[in-house]
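Kindly generate the complete structure, drawing on both the sequences and the hints.
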Amino acid sequence: MREAQQTARSLSHFVDFMGKHDRPLISRGQEKIAYRTLVSALKRQRGGVTLGDMAAKTALPFHQLRELLRRAAEEYNARLEVNESGEILYSFPRGFISRYRGLGPACGRFIERALPALGSFFAGVFKIWIVLMLLGYFVLFVVITLAFLFVVIAAASASSRKNRRSSGGFTGSHAVSRLIQGIFRFWFYSALMDPDRQGPAEDGDKRPLYRKVFSFVFGEGNPNKDWEKKEALGFIGYLRKKNGLMALPEFVILTGLDIQRAEQKILSYCVNYDGMPEATGGGTVVYRFDSLLARGEKDTPSAGENLRVSLKKPWKFSLNTPKTNGIFGFINLVNLGFSSYFLYFMLNPAAPGAFSSLFRFVYGLLSTLGPDPLLPIALGLGLVPGLFSLLFWVIPLVRLGRIKKKNAAIGIENQRRRGFSAAWDSPLELSEDLVKDPGMARRIIKEIGAYSIPDITVDHRGRTVYAFPKLAEEKRALEKYRTEIEKTRGDPGAVVFDSDL
Numbered sequence: 006m007r008e009a010q011q012t013a014r015s016l017s018h019f020v021d022f023m024g025k026h027d028r029p030l031i032s033r034g035q036e037k038i039a040y041r042t043l044v045s046a047l048k049r050q051r052g053g054v055t056l057g058d059m060a061a062k063t064a065l066p067f068h069q070l071r072e073l074l075r076r077a078a079e080e081y082n083a084r085l086e087v088n089e090s091g092e093i094l095y096s097f098p099r100g101f102i103s104r105y106r107g108l109g110p111a112c113g114r115f116i117e118r119a120l121p122a123l124g125s126f127f128a129g130v131f132k133i134w135i136v137l138m139l140l141g142y143f144v145l146f147v148v149i150t151l152a153f154l155f156v157v158i159a160a161a162s163a164s165s166r167k168n169r170r171s172s173g174g175f176t177g178s179h180a181v182s183r184l185i186q187g188i189f190r191f192w193f194y195s196a197l198m199d200p201d202r203q204g205p206a207e208d209g210d211k212r213p214l215y216r217k218v219f220s221f222v223f224g225e226g227n228p229n230k231d232w233e234k235k236e237a238l239g240f241i242g243y244l245r246k247k248n249g250l251m252a253l254p255e256f257v258i259l260t261g262l263d264i265q266r267a268e269q270k271i272l273s274y275c276v277n278y279d280g281m282p283e284a285t286g287g288g289t290v291v292y293r294f295d296s297l298l299a300r301g302e303k304d305t306p307s308a309g310e311n312l313r314v315s316l317k318k319p320w321k322f323s324l325n326t327p328k329t330n331g332i333f334g335f336i337n338l339v340n341l342g343f344s345s346y347f348l349y350f351m352l353n354p355a356a357p358g359a360f361s362s363l364f365r366f367v368y369g370l371l372s373t374l375g376p377d378p379l380l381p382i383a384l385g386l387g388l389v390p391g392l393f394s395l396l397f398w399v400i401p402l403v404r405l406g407r408i409k410k411k412n413a414a415i416g417i418e419n420q421r422r423r424g425f426s427a428a429w430d431s432p433l434e435l436s437e438d439l440v441k442d443p444g445m446a447r448r449i450i451k452e453i454g455a456y457s458i459p460d461i462t463v464d465h466r467g468r469t470v471y472a473f474p475k476l477a478e479e480k481r482a483l484e485k486y487r488t489e490i491e492k493t494r495g496d497p498g499a500v501v502f503d504s505d506l
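In my numbering, the protein residues as written are 6 to 506.
Take these hints with a grain of salt, some might be off.
[Said to hold, decoys possible] The calculated lysine to any residue pairs, modelled on SDA-like cross-linking and capped at a C-alpha distance of 25 Å, are:
#1 K480 to G467
#2 K475 to K235
#3 K235 to I458
#4 K62 to E491
#5 K230 to R33
#6 K234 to A284
#7 K480 to K230
#8 K230 to K270
#9 K411 to G239
#10 K230 to G385
#11 K37 to L123
[As the list claims (entries may be wrong)] Ranges between beta-carbon positions, derived for each pair:
#12 A122 to S32: 16 to 26 Å
#13 G226 to C112: 23 to 33 Å
#14 G226 to P327: 35 to 45 Å
#15 P443 to G52: 48 to 58 Å
#16 P443 to L137: 12 to 22 Å
#17 A122 to S162: 27 to 37 Å
#18 E418 to V148: 48 to 58 Å
#19 E36 to F131: 37 to 47 Å
#20 A161 to S345: 47 to 57 Å
#21 G226 to A119: 18 to 28 Å
#22 G288 to A119: 53 to 63 Å
#23 Q265 to R118: 37 to 47 Å
#24 K492 to G416: 41 to 51 Å
Bear in mind the hints are in silico, worked out from the structure with no lab data behind them.
Remember, it's a predicted structure, so these values are computed and weren't measured experimentally.
Every residue, glycine too, gets a C-beta built ideally from N, C-alpha and C.
Here it is as structure tokens:
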């Protein structure tokens, strides 16, 4: 009774999903990327390939592959074959020389190659600009301060020449000179100017300086940016080894999604790859993807391999060492302090006190170069570096909060993969130590129990043991159904049509 209800529910969900979800529209840019991906995969093939072969290579959905394969066949003069099973095989024995010649297609290909290079150039310029803003303003503020100290010390030294001689020649100007030398050593001998210190991306101490600064502010990007494609390739590869059949618990192991979201996603795969939920003889619901099994080769995929559990990588705040991030934080704090100082005295230019001496020094120095310098000071030494310094703090703080939330979700998905994998491997004997976190273990067992009602016992060591007989029955029915399909699946047959003949 329960199996019949589950079958009816799955079929009902499939009908509703097909009715509500049309094939997504893709932009022209996405279509170009997909076409380049397909052509790149075709170039690595030697013999004929089917639609299923190219889905397994690219993870592109069938409705997109059908159109793009026809386009590639026309552009590169493909050879087409049809076997007795009705499968179309695409091959390119004449190479990949485009039929489209002339100025227009050549310019189009040039632009496609130039745009990524142009984007990389501007990204590099942006990174260098951030470094120049951070270190450039730091050096500027330090130089202004040293120049002010030089004037003060020089004035004091002029009134006490005797003391200056007795100091052994270590004058105020000498002290300022030493400090300036130290600053410029820091600048010129940093990783920005030292290409020999460039190392692998995992070694935060040996990367160029601009990459360290960018890593502190913006991080290293999404460590799972290709996850959707990897997941789809893993899904297709597993199906091609398992006679095109998958159960929902197996899909949870692959994706880490909870049962409800996993069911929605596998239905989207049904849309993309011509799949269909169906019931076995015993009423167990499976998802069948026969179209993914068509191969250009004659060999039969091996069955019986275990599902590989892939884990998502957690996001990292930065690849820098804490010391490096501390240095950047200190430099930015100095910039924020100086910019706040100049903004305050710009708003209060007549404020008395010795603390305003530096502002009056800069004001007097700039007054010799032109009209009233209040606006240049407000913008160049106050507002611009102040806003930059605030963003230099705000962006990493906001990013840190988002990373914590993302890593919490990734941790749940990874633990769910482990938990469901343990339950699928041993459905009749599952203890609460299936994952390290006891709270997470109870959560996963509860999710499995919502899918398959457990029998609960206590073993001789006092551990609570869960048995999921319906899950074990589903696994047996699935393996039996796979074996039956393998026996009925025959050879694709000889070629009955060849476009070259």
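Hint-by-hint comparison with the structure:
1. K480 to G467: violated (28 Å)
2. K475 to K235: violated (31 Å)
3. K235 to I458: At roughly 32 Å apart (the allowed maximum being 25 Å), I458 and K235 break the hint.
4. K62 to E491: holds (23 Å)
5. K230 to R33: holds (21 Å)
6. K234 to A284: Outside the cut-off at roughly 28 Å; violated.
7. K480 to K230: Distance ~32 Å between K480 and K230 Cα, so the pair is violated.
8. K230 to K270: holds (18 Å)
9. K411 to G239: holds (23 Å)
10. K230 to G385: Violated, at about 39 Å.
11. K37 to L123: holds (17 Å)
12. A122 to S32: 16 to 26 Å: At roughly 21 Å between Cβ atoms, S32 and A122 fall inside 16 to 26 Å, so the hint holds.
13. G226 to C112: 23 to 33 Å: holds (32 Å)
14. G226 to P327: 35 to 45 Å: Given a distance of about 20 Å, which is not inside 35 to 45 Å, the answer is violated.
15. P443 to G52: 48 to 58 Å: holds (53 Å)
16. P443 to L137: 12 to 22 Å: violated (51 Å)
17. A122 to S162: 27 to 37 Å: Violated - the Cβ-Cβ distance for A122 and S162, about 56 Å, lies outside 27 to 37 Å.
18. E418 to V148: 48 to 58 Å: Given about 51 Å between the Cβ atoms, the range holds.
19. E36 to F131: 37 to 47 Å: violated (28 Å)
20. A161 to S345: 47 to 57 Å: violated (28 Å)
21. G226 to A119: 18 to 28 Å: Between G226 and A119, where Cβ atoms are some 23 Å apart, the hint holds.
22. G288 to A119: 53 to 63 Å: holds (58 Å)
23. Q265 to R118: 37 to 47 Å: holds (44 Å)
24. K492 to G416: 41 to 51 Å: Since the Cβ atoms of K492 and G416 sit about 43 Å apart, the hinted range of 41 to 51 Å holds.
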